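Asks: Start from the sequences, fold in the hints, and give me the full structure.
Heads up: the protein sequence lines correspond to chains A and B, in order. Sequential numbering of the first sequence, starting at 201, is according to my numbering. Sequential numbering of the second sequence, starting at 201, is according to my numbering.
Honestly, I wouldn't trust all of these hints.
[Said to hold, decoys possible] According to the in silico footprint, chain B covers these stretches of chain A (three or more CB under 8 Å from chain B):
{"id": "1", "segment": "269 to 276"}
{"id": "2", "segment": "279 to 292"}
{"id": "3", "segment": "305 to 319"}
{"id": "4", "segment": "416 to 423"}
{"id": "5", "segment": "539 to 549"}
[Said to hold, decoys possible] Simulated pairs of lysine to aspartate or glutamate, EDC-like, Cα-Cα distance not exceeding 20 Å:
{"id": "6", "chain 1": "B", "residue 1": "224", "chain 2": "B", "residue 2": "250"}
{"id": "7", "chain 1": "A", "residue 1": "207", "chain 2": "B", "residue 2": "497"}
{"id": "8", "chain 1": "A", "residue 1": "207", "chain 2": "B", "residue 2": "461"}
{"id": "9", "chain 1": "A", "residue 1": "224", "chain 2": "B", "residue 2": "497"}
{"id": "10", "chain 1": "A", "residue 1": "366", "chain 2": "A", "residue 2": "411"}
{"id": "11", "chain 1": "B", "residue 1": "483", "chain 2": "A", "residue 2": "307"}
{"id": "12", "chain 1": "B", "residue 1": "528", "chain 2": "B", "residue 2": "401"}
{"id": "13", "chain 1": "A", "residue 1": "458", "chain 2": "A", "residue 2": "533"}
{"id": "14", "chain 1": "A", "residue 1": "289", "chain 2": "B", "residue 2": "497"}
{"id": "15", "chain 1": "A", "residue 1": "458", "chain 2": "A", "residue 2": "508"}
{"id": "16", "chain 1": "A", "residue 1": "476", "chain 2": "A", "residue 2": "373"}
{"id": "17", "chain 1": "B", "residue 1": "528", "chain 2": "A", "residue 2": "276"}
{"id": "18", "chain 1": "A", "residue 1": "476", "chain 2": "A", "residue 2": "497"}
{"id": "19", "chain 1": "A", "residue 1": "528", "chain 2": "B", "residue 2": "276"}
{"id": "20", "chain 1": "A", "residue 1": "207", "chain 2": "A", "residue 2": "239"}
{"id": "21", "chain 1": "A", "residue 1": "207", "chain 2": "A", "residue 2": "266"}
{"id": "22", "chain 1": "B", "residue 1": "427", "chain 2": "B", "residue 2": "402"}
{"id": "23", "chain 1": "B", "residue 1": "483", "chain 2": "B", "residue 2": "543"}
{"id": "24", "chain 1": "B", "residue 1": "224", "chain 2": "A", "residue 2": "497"}
{"id": "25", "chain 1": "B", "residue 1": "289", "chain 2": "A", "residue 2": "497"}
{"id": "26", "chain 1": "B", "residue 1": "207", "chain 2": "A", "residue 2": "239"}
{"id": "27", "chain 1": "B", "residue 1": "528", "chain 2": "B", "residue 2": "467"}
{"id": "28", "chain 1": "A", "residue 1": "528", "chain 2": "A", "residue 2": "381"}
{"id": "29", "chain 1": "B", "residue 1": "207", "chain 2": "A", "residue 2": "461"}
{"id": "30", "chain 1": "A", "residue 1": "483", "chain 2": "B", "residue 2": "307"}
Rather than coming from a laboratory, the hints here were simulated on the basis of the structure. Since we're looking at a predicted model, the values are computed, not measured. Note that CB positions come from ideal geometry on N, CA and C, so glycine has one too.
Residues per chain, in single letters:
2 protein chains.
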Amino acid sequence: MEFTALKESFVIAAQNVLRAVPGKTERADLSGILIAAGEGIVTLSGTDTELGIKCQFPAQINTSGETLLPGRYLVDILRRLPPGPLLFKMEPSNDHIYINSGASHFELLALPSDRFPRLQFDDQAAVAQVPELALRTGINQVAFAAARDGLRQLLNSVLISFENKKMRLVATDGHRLALAETVELDQDIPGEYLVPVRTLEEVARLIAGEEEVQIAGSERQIAFRTKNTLVQSSLVEGKYLPYTSVIPTEFSWQAVIKRTDLLAALERAELFSADKINAVNLKLTAEGIEVFAQSADIGRVQELVPAEIEGGELDISFNVRYLLEPLKILAADKIQLDFTGPESAALISPTGSTNYRYLVMPVTTRATA
Amino acid sequence: MEFTALKESFVIAAQNVLRAVPGKTERADLSGILIAAGEGIVTLSGTDTELGIKCQFPAQINTSGETLLPGRYLVDILRRLPPGPLLFKMEPSNDHIYINSGASHFELLALPSDRFPRLQFDDQAAVAQVPELALRTGINQVAFAAARDGLRQLLNSVLISFENKKMRLVATDGHRLALAETVELDQDIPGEYLVPVRTLEEVARLIAGEEEVQIAGSERQIAFRTKNTLVQSSLVEGKYLPYTSVIPTEFSWQAVIKRTDLLAALERAELFSADKINAVNLKLTAEGIEVFAQSADIGRVQELVPAEIEGGELDISFNVRYLLEPLKILAADKIQLDFTGPESAALISPTGSTNYRYLVMPVTTRATA
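Replies: Below is the structure:
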């Protein structure tokens, strides 16, 4: 095995693949990145057996072959090399790898690769082709609402469904639920996939800058492909909760408000809501939303944020983090808050758009004095 | 107490002062920032009783007075306020503080300030006036060489001495020693001060962007003043080691080398030197310095860095971190390495300058194969 490649393309591919390599593992081979050279292309792959990432880059291949190197060290070495071409070479006699770059000569010990899981994608059918920005925006708009406890697999995942040439993403941790729909796709094959939220966050990171993302799926796996990158993941087993029934369709109060104004006021209120349930109180008045929070130790803050209110007065409290997260991620100038009552769910959405809905439950202990 | 001030100047002063406020403390008052208003100036101060920082900013004072507020919260609140003027007001009746900024109304509970240590500087004599850049460069060039164990107070400090219109800074952890001298000062009062390295690092951070720094000292304290900031610190008691006697004056080998070339090669070698003593081996040859490191688990790296060598061949090993730190901090294009022998001290200095010297002991277990 011998090839010449640019350090710049090698290091980008290796950094991407490293994201699937587990930081700690009992199995030495899983800490490695598999390097395969053949037909003008070098392909790197890494996996923790659930999530797998493959990246490729062009190279001048003198002899094809493959080897497994410690992932973290490979990336650290590549990062510290000068820019330009490097020679990568394996001596079949002793399993040693030689990297020559300028005046630097590295000799690395390969890992045993017999048991390293090869990423297989044969049984996956193409499902849809999604513009990169639409997919990345959708993932970022729902991923934060998934649970992070590592225990409830269903809530640690995002439901991706294809229907009527639309891709829909749903995530919930039981306290709030986020739902994003992409623009109309050229075509799709209807179906539902439960994907670990961690996988989707890696997808959002890796596809940035690409144009189109091919999504392929099977009963047990989903794969996201761009020109040079492939992210593959096991699916979560089970049936997702019937979320459509919990989204209210009729509301008695509405506030239309400048997103950044409400965000700034809530960020100030957050400082006073560190107690137990992070409660912040919202009062709908004729002039707008009065934001109030207090802490026994520190003091209190109160602020009126101008808004267009319909439905009269309402007094309702939320976990401030559950309001801050969607307000930070949305790009809309104005958002709309729809309320069903002081102790039942509220809905946040960008005004004039039906592509995004965020449902949040209030807290029942009020933050009022 | 009542004043109007710009959020921008208030938050910068508060952030600076917060650096002296201990993160964890048994005494509630020490977690506070003292705010004193009078004569067109608001002065903030914070201290952990050893290090103290005072900062002032202009304000329109309606009523003078002082109060103590939780430091971390004060900074967090100020950071999240919109730019522009704010009204700061204390109600004498209830010790509550009111901050009004735009539509935001804060009510904060003051801390009891009776026992808060007032920073006193009366018995300190002016020692010297030092250009900011010279002081900051000197601190950065020696501080990394001080010990960080929190146990050996003498080695956790930097010796500052004034003599012959020069300021000299010295730090050592027992394995290496850094010595920096500033340019000639207009005047100074000869003397020696043992200053905790943490204090000096805060000074370097806080004076950036100022022009001149006044240094004042007494038997127990040292103070650094700029136009709006004062950093004061207790001195470390004891006698610093007689460092001049350990700096060799005669050398048998010399290498003159491009600093960034050697730095890059050592950074690559560092990856292979994570074992016990972080050893990297240097071989002086006719062509330059051959850098070599190896690790039983990973492999090895070897690289020739061109250099002008005098004195013939030499084989010597160092803790790679002790070489990387001065090479990163120096700005010189070329540096000079002077050696006394394979098992005795080496000296690193910028070529053509006598203002900086870095003495480092080799490691005796070699990194060679």
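Asks: Hint check: residue 483 of chain A vs residue 307 of chain B, CA-CA at most 20 Å. Holds or violated?
Replies: Distance of about 19 Å is within 20 Å: holds.
Asks: Please count how many residues of the segment 269 to 276 of chain A have a CB within 8 Å of a CB from chain B and say whether that reaches 3.
Replies: That given contact holds, which follows from 3 residues of the segment 269 to 276 of chain A lying within Cβ reach (below 8 Å) of chain B.
Asks: Below or equal to 20 Å on CA atoms is what counts here, so check residue 528 of chain B against residue 467 of chain B.
Replies: Roughly 10 Å between the alpha carbons, so the hint for residue 528 of chain B and residue 467 of chain B holds.
Asks: Residue 289 of chain A and residue 497 of chain B were given as a pair; does the straight-line alpha-carbon distance stay at or below 20 Å?
Replies: Within the cut-off at roughly 19 Å; holds.
Asks: Take the C-alpha atoms of residue 528 of chain B and residue 276 of chain A, compute the straight-line distance between them, and say whether it is at most 20 Å.
Replies: holds (18 Å)
Asks: Would you check the hint for residue 224 of chain B and residue 250 of chain B, treating anything up to 20 Å between C-alpha atoms as holding?
Replies: It holds: about 15 Å lies between the C-alpha atoms, which stays within 20 Å.
Asks: Just to be careful, I want the Cα atoms of residue 476 of chain A and residue 497 of chain A compared with a cutoff of 20 Å; is the pair within it?
Replies: Holds, at about 13 Å.
Asks: Does the structure keep residue 207 of chain A and residue 497 of chain B at a Cα separation of 20 Å or less?
Replies: It is violated: about 24 Å lies between the C-alpha atoms, which goes past 20 Å.
Asks: Given the hinted pair residue 528 of chain B and residue 401 of chain B, is their Cα-Cα distance within 20 Å?
Replies: holds (17 Å)
Asks: For the segment 305 to 319 of chain A, does the count of residues with a C-beta closer than 8 Å to a C-beta of chain B reach 3?
Replies: holds (count 5)
Asks: Does the structure keep residue 207 of chain A and residue 266 of chain A at a Cα separation of 20 Å or less?
Replies: Status holds; Cα separation ~18 Å.
Asks: Counting residues of the segment 416 to 423 of chain A with a beta carbon closer than 8 Å to any beta carbon of chain B, are there 3 or more?
Replies: Not satisfied, violated; 0 residues make the cut.
Taken one by one, the earlier hints fail for this structure at numbers 4, 5, 7, 26, listed in ascending order.
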